[in-house]
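Asks: First to last, the protein sequences are chains A and B. Numbers 0 to 351, taken from this note's numbering, label the letters of the first sequence in order. Numbers 0 to 351, taken from this note's numbering, label the letters of the second sequence in order.
Some clues are possibly wrong.
Copies of the same chain look alike in the list, so a pair counts if it works inside one copy or between any two.
Said to hold, decoys possible - Calculated pairs, DSBU-like style, for lysine-lysine (alpha carbon to alpha carbon, straight line, at most 35 angstroms):
hint	residue 1	residue 2
1	Lys113	Lys275
2	Lys30	Lys320
3	Lys30	Lys278
4	Lys63	Lys113
5	Lys145	Lys115
6	Lys115	Lys293
7	Lys190	Lys113
These are calculated hints, taken from the structure and not from any lab test. The structure presented is a predicted model; accordingly, all values stated were derived computationally and were not measured.
There are 2 protein chains.
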Amino acid sequence: MAVDKILKLYKKKIELRLKTFLGEKIAEAEKISDSSKEIMQYIKEFNLRGGKRIRSILIIMAYKSLGGKNENAIIDIAVSAELMQSFLLIHDDIIDDDDLRRGGPTMHKIYAEKYKNYDNPEKFGESMAVIAGDLLASLGNEIISKSEFDEEKKLKLLQKFNKVVKLTGYGEIIDILSGLRTDVREEDISKMHRLKTATYTIEGPLHMGAIAAGASKEQLKILSEYAIPLGMAFQTKDDILGLFGSEEKLGKPADSDIKDGKKTLLILKAIENSNKEQKEFIKNALGNKNITEKELIKVREIIKQTGSLSYSENLAEKLVKKAKNAIKNSDFEKQGKDFFLEIADYIIKRDY
Amino acid sequence: MAVDKILKLYKKKIELRLKTFLGEKIAEAEKISDSSKEIMQYIKEFNLRGGKRIRSILIIMAYKSLGGKNENAIIDIAVSAELMQSFLLIHDDIIDDDDLRRGGPTMHKIYAEKYKNYDNPEKFGESMAVIAGDLLASLGNEIISKSEFDEEKKLKLLQKFNKVVKLTGYGEIIDILSGLRTDVREEDISKMHRLKTATYTIEGPLHMGAIAAGASKEQLKILSEYAIPLGMAFQTKDDILGLFGSEEKLGKPADSDIKDGKKTLLILKAIENSNKEQKEFIKNALGNKNITEKELIKVREIIKQTGSLSYSENLAEKLVKKAKNAIKNSDFEKQGKDFFLEIADYIIKRDY
Numbered sequence: 000m001a002v003d004k005i006l007k008l009y010k011k012k013i014e015l016r017l018k019t020f021l022g023e024k025i026a027e028a029e030k031i032s033d034s035s036k037e038i039m040q041y042i043k044e045f046n047l048r049g050g051k052r053i054r055s056i057l058i059i060m061a062y063k064s065l066g067g068k069n070e071n072a073i074i075d076i077a078v079s080a081e082l083m084q085s086f087l088l089i090h091d092d093i094i095d096d097d098d099l100r101r102g103g104p105t106m107h108k109i110y111a112e113k114y115k116n117y118d119n120p121e122k123f124g125e126s127m128a129v130i131a132g133d134l135l136a137s138l139g140n141e142i143i144s145k146s147e148f149d150e151e152k153k154l155k156l157l158q159k160f161n162k163v164v165k166l167t168g169y170g171e172i173i174d175i176l177s178g179l180r181t182d183v184r185e186e187d188i189s190k191m192h193r194l195k196t197a198t199y200t201i202e203g204p205l206h207m208g209a210i211a212a213g214a215s216k217e218q219l220k221i222l223s224e225y226a227i228p229l230g231m232a233f234q235t236k237d238d239i240l241g242l243f244g245s246e247e248k249l250g251k252p253a254d255s256d257i258k259d260g261k262k263t264l265l266i267l268k269a270i271e272n273s274n275k276e277q278k279e280f281i282k283n284a285l286g287n288k289n290i291t292e293k294e295l296i297k298v299r300e301i302i303k304q305t306g307s308l309s310y311s312e313n314l315a316e317k318l319v320k321k322a323k324n325a326i327k328n329s330d331f332e333k334q335g336k337d338f339f340l341e342i343a344d345y346i347i348k349r350d351y
Numbered sequence: 000m001a002v003d004k005i006l007k008l009y010k011k012k013i014e015l016r017l018k019t020f021l022g023e024k025i026a027e028a029e030k031i032s033d034s035s036k037e038i039m040q041y042i043k044e045f046n047l048r049g050g051k052r053i054r055s056i057l058i059i060m061a062y063k064s065l066g067g068k069n070e071n072a073i074i075d076i077a078v079s080a081e082l083m084q085s086f087l088l089i090h091d092d093i094i095d096d097d098d099l100r101r102g103g104p105t106m107h108k109i110y111a112e113k114y115k116n117y118d119n120p121e122k123f124g125e126s127m128a129v130i131a132g133d134l135l136a137s138l139g140n141e142i143i144s145k146s147e148f149d150e151e152k153k154l155k156l157l158q159k160f161n162k163v164v165k166l167t168g169y170g171e172i173i174d175i176l177s178g179l180r181t182d183v184r185e186e187d188i189s190k191m192h193r194l195k196t197a198t199y200t201i202e203g204p205l206h207m208g209a210i211a212a213g214a215s216k217e218q219l220k221i222l223s224e225y226a227i228p229l230g231m232a233f234q235t236k237d238d239i240l241g242l243f244g245s246e247e248k249l250g251k252p253a254d255s256d257i258k259d260g261k262k263t264l265l266i267l268k269a270i271e272n273s274n275k276e277q278k279e280f281i282k283n284a285l286g287n288k289n290i291t292e293k294e295l296i297k298v299r300e301i302i303k304q305t306g307s308l309s310y311s312e313n314l315a316e317k318l319v320k321k322a323k324n325a326i327k328n329s330d331f332e333k334q335g336k337d338f339f340l341e342i343a344d345y346i347i348k349r350d351y
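Construct the complete structure from the given sequences, taking the supplied hints into account.
Replies: If you want it as structure tokens, here you go:
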């Protein structure tokens, strides 16, 4: 099956299971209090807004490629990755003060809006979003622990789940500090991408699927050799889309990275290769919450003129090639190999 | 052994294990980045600042009372409860804007102070504290999943751990809303205490110890019948200490509940039974961040004069009696029974 068909098929199955699971959680919360029911309803809506579901599809495909047969069980593990993703996004959005996510308001904005007639609705919204994230972390653990796998596998999956949360947290810290400090190096960015994206988005999900399928250490190693460069490519592409992508397709503003003062590789390389006036312009734009459309266009131009855009594009392509080689040389069965090779291309060519 | 000796002995053992475990996590984080190491060091310091360790001692004693023999293993489970406690406190402190915890700065204050020369250190401090809490949730799951119990028990313990996080979250939401709304009833407060304290502080820990010991459903039921009233008594006592206790012994200011606008049973009953002038005075004091020492003394006087203090004290005693009866009528072995009866009295008589 072609990769887009696989993505479409499993996206549907994952969303169906997410819907049922969170529906059960709403029923459970309703017995406790109106406010518990309310937060679970918001959580359900947030989870079903869409998203690429890349992490959960990687889990399913790694599982199937390594001979796993219990589709119901692996879909529960895939759903745990979606719950983790929402948990981390909701907390991230508080940290970055973002208003939009997946084409709708962020969790803290939902509550701030609903309680806008009370004292300090922004603070209230953030408090509720902190708790919403905590609840989602708990639900991610819950669905794994109740899945159909045997106890040994479930424990390994839970260990992996919590390890990924930990490493992503470490990556997020580097990310926040990079917005604060002026002495950010390419090395720091690379470390952050490795933790926040490569581990979190690619390696973690592939390993979870592989663990569920009972993979050997050797197989996990090959998946890492594929996942890490691919994850770095994914993030590099994400940064490009974050500045040059379509706001409509991304479901978030194309100026948020600049407003947040994120020192992406695009920015770093542009600063490195720009003249004094351009350098000043970018430094002033970075973290400017009131940047105009015109200024944003100029930032994009500088990034192109300095060769920074093509540097990132070339890097992403080189990384994808490296990732694909790791899989080509493996003894994975053909169907799995084909999928991994195709998804690697897909990741680099996507426009959302 | 008398209860204070047991508390002292296990407090020491728990803190020793906390120290070793978090020491290992610092070493692990050091390999990743300076900022990961830094947050783990703060997390360790925060965890070792003290605290009553009541939850973890309840875990150990429930385990031993029901015939559990592996002390090393149960101490790991006890440590998971401490990690959960720190996780929830750190997030709570952001929500309540509190500066002090366990006699030191709250996590968000630590970071805000350290990065005070950067832009918006308060926002930065809160961001780091959100992540510190998330890391602690992950560590709590980790230590259970790696403990010496068999796989079936570890899975049950992890399910319980995450269920307690979820229910505590629901309780916290009611708590936050009670600070916002004016139409809070005794019933809402009771529901919040049941979730935030009875489940979290007493029933959850007792069940974790019991599950680790392989308890029967009947035994878990008896523990619930003991735990719920005891937990409600614990919270009632906590609210009393929060207003009438010693700042030095509590490690946090004795005016924070008033400043946060918390509608405790003490406040609710005082409003119910006060004259017009007293009612106005309390309502104005509630949520007043700049309340003076003199005004605070007057709030305390009104609570005494209206009989609200004795109402809470009597309620706490009645609840403790109910809890003790559940244990007295059980078939638990004598040593366990004695401990549970003594700790119930201890909870009600403590002054910190």
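Asks: Take the hints in turn and mark each one as holding or not.
Replies: Quick rundown of the hints versus the structure:
1. Lys113 - Lys275: The answer is between: 32 angstroms across copies meets 35 angstroms, while 47 angstroms in one copy does not.
2. Lys30 - Lys320: between (53 angstroms within a copy, 28 angstroms between copies)
3. Lys30 - Lys278: between (58 angstroms within a copy, 34 angstroms between copies)
4. Lys63 - Lys113: This pair counts as neither: shortest intra-copy Cα distance 43 angstroms, inter-copy 48 angstroms.
5. Lys145 - Lys115: neither (39 angstroms within a copy, 45 angstroms between copies)
6. Lys115 - Lys293: Both, since 33 angstroms and 33 angstroms are each at most 35 angstroms.
7. Lys190 - Lys113: For Lys190 and Lys113, the Cα distance is within 35 angstroms only across copies (23 angstroms; inside one copy 39 angstroms).
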